[in-house]
Amino acid sequence: MGYDILPVRFLATTGFEVLVLNEVPRTIGVLIATYRRPVDLLRCLSALKKQSLPPDDILVVIRNDDYDTRSRLSESLPGGLPIRIISIDAPGSVAARNAGLDACNTDVLAIIDDDTAPHADWLSRVMEHFRRDPNLGGLGGRDRCFDGVSFDDHEEAVVGKIQWWGRTIGNHHLGFGKLREVDVLKGANMSFRAKAFENVRFDPRLKGKGAQPSEDFCFSVDVKAQGWKLAYDPMAVVDHYASKRDEKRLYVGVSAIEDKTAFRDFAYNQTLSIWNALSPFRRMVFFFWSSFIGTGVFPGFIQALRFTPRLGFASWRRFLIAQQGKLDAFRDLMFPIEHASFKQLKENRSV
42 MGYDILPVRF LATTGFEVLV LNEVPRTIGV LIATYRRPVD LLRCLSALKK QSLPPDDILV
102 VIRNDDYDTR SRLSESLPGG LPIRIISIDA PGSVAARNAG LDACNTDVLA IIDDDTAPHA
162 DWLSRVMEHF RRDPNLGGLG GRDRCFDGVS FDDHEEAVVG KIQWWGRTIG NHHLGFGKLR
222 EVDVLKGANM SFRAKAFENV RFDPRLKGKG AQPSEDFCFS VDVKAQGWKL AYDPMAVVDH
282 YASKRDEKRL YVGVSAIEDK TAFRDFAYNQ TLSIWNALSP FRRMVFFFWS SFIGTGVFPG
342 FIQALRFTPR LGFASWRRFL IAQQGKLDAF RDLMFPIEHA SFKQLKENRS V
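Convert by adding 41 to the 1-based position in the sequence shown; the result is the number in this note's numbering.
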């Protein structure tokens with residue numbers, strides 16, 4: 042990694058201006074974790090070739106058993122791009138993205154889904170924000186969702202916030218207006234200063250068969266907990282051609298549960314992801330709010346009652362499974378067992 046060292050003045054808490062040295066990033070890389078979506082990946086790489094600020098490094102993480110993607114890349118890899126292929130055996134988005142973080146050698150790392158296509162000014166906008174603000178640890182942008190017919194151009198003013206009682210508001214795909222500070226970022230379009238994730242990784246405790254739900258929220262919350270600022274720029278846009286997954290997107294809509302384990306894992310991850318954003322008092326408030334009220338997708342008692350006319354007993358089944366997942370998360374958070382990958386990270390940083 043390389044930096045320009047420039048003097049910057051800031052107003053300290055004492056009210057005096059203090060001269061400090063600010064590290065200004067010079068290089069930016071892109072991390073794409075992919076699995077069996079070669080057409081989407083090639084579209085994403087083609088969009089990266091059109092960036093007004095060319096990436097200094099592109100990390101493509103591929104499973105060893107993903108023979109189709111490997112074959113298509115060897116046949117159709119876009120020329121002129123600094124692509125590095127990272128091979129892994131472990132399944133899941135957490136393992137894939139952590140492999141990319143471990144391989145990062147740039148000052149800033151932009152993380153996108155393989156089914157996105159960044160707009161031409163995307164990287165330049167991202168880099169500009171990190172150069173301007175030395176306290177910026179992570180930056181998100183709009184992922185403009187395509188439903189197969191048209192893009193969703195609706196707008197929402199509130200994006201990426203955790204309310205004081207623990208309810209999370211996403212809306213990253215609908216944000217508009219100016220740059221603003223946020224609490225969480227979305228994995229389809231989020232970038233981080235390398236120094237901000239020196240001691241942070243995607244949490245291996247998160248559960249799920251494929252793309253572990255809430256891994257992006259959890260990671261960005263952990264970065265912010267290290268003292269870094271998170272921000273959202275709706276003008277840093279990627280087009281998101283959301284592809285089909287083997288697993289159902291449980292955070293979209295309210296319906297009867299088809300996969301009990303997946304829904305319990307979703308509730309577990311939801312709880313784990315916001316833990317570091319809450320004070321001890323707010324954690325207690327979250328526990329009672331999520332038990333008695335909750336949301337449509339993460340139901341408490343009131344939400345289960347609300348959807349009973351539509352879903353019948355299935356509404357109460359959703360409630361019971363969600364609460365079980367939440368309680369499992371509380372157990373692991375209150376009586377933690379350090380994961381092996383966290384131990385390895387600490388050992389690497391101490392060398």
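Source of the hints: derived by calculation from the structure; they are not laboratory data.
Predicted model, so just to flag it, every value in this text is computed and none were measured.
Treat the hints with care, since some could be wrong.
[To be verified] The list that follows gives simulated cross-link-like pairs (lysine to any residue, SDA-like), each with its CA atoms no further than 20 Å apart:
#1 Lys91 with Thr68
#2 Lys270 with Trp205
#3 Lys236 with Arg173
#4 Lys90 with Arg104
[Stated by the list, open to error] Pairwise CB distance ranges, derived in the manner of DEER restraints:
#5 Phe354 with Gly251: 42 to 48 Å
#6 Glu239 with Thr349: 46 to 52 Å
#7 Asn105 with Phe354: 22 to 28 Å
Backbone N, C-alpha and C fix where the C-beta goes; we use that ideal spot for every residue, glycine too.
Results for each hint:
no.: 1; hint: Lys91 with Thr68; in the structure: holds, 17 Å
no.: 2; hint: Lys270 with Trp205; in the structure: holds, 18 Å
no.: 3; hint: Lys236 with Arg173; in the structure: holds, 16 Å
no.: 4; hint: Lys90 with Arg104; in the structure: violated, 23 Å
no.: 5; hint: Phe354 with Gly251: 42 to 48 Å; in the structure: violated, 28 Å
no.: 6; hint: Glu239 with Thr349: 46 to 52 Å; in the structure: holds, 48 Å
no.: 7; hint: Asn105 with Phe354: 22 to 28 Å; in the structure: violated, 44 Å
Checked against the numbered hints listed earlier, the structure breaks hints 4, 5 and 7; every other hint is satisfied.
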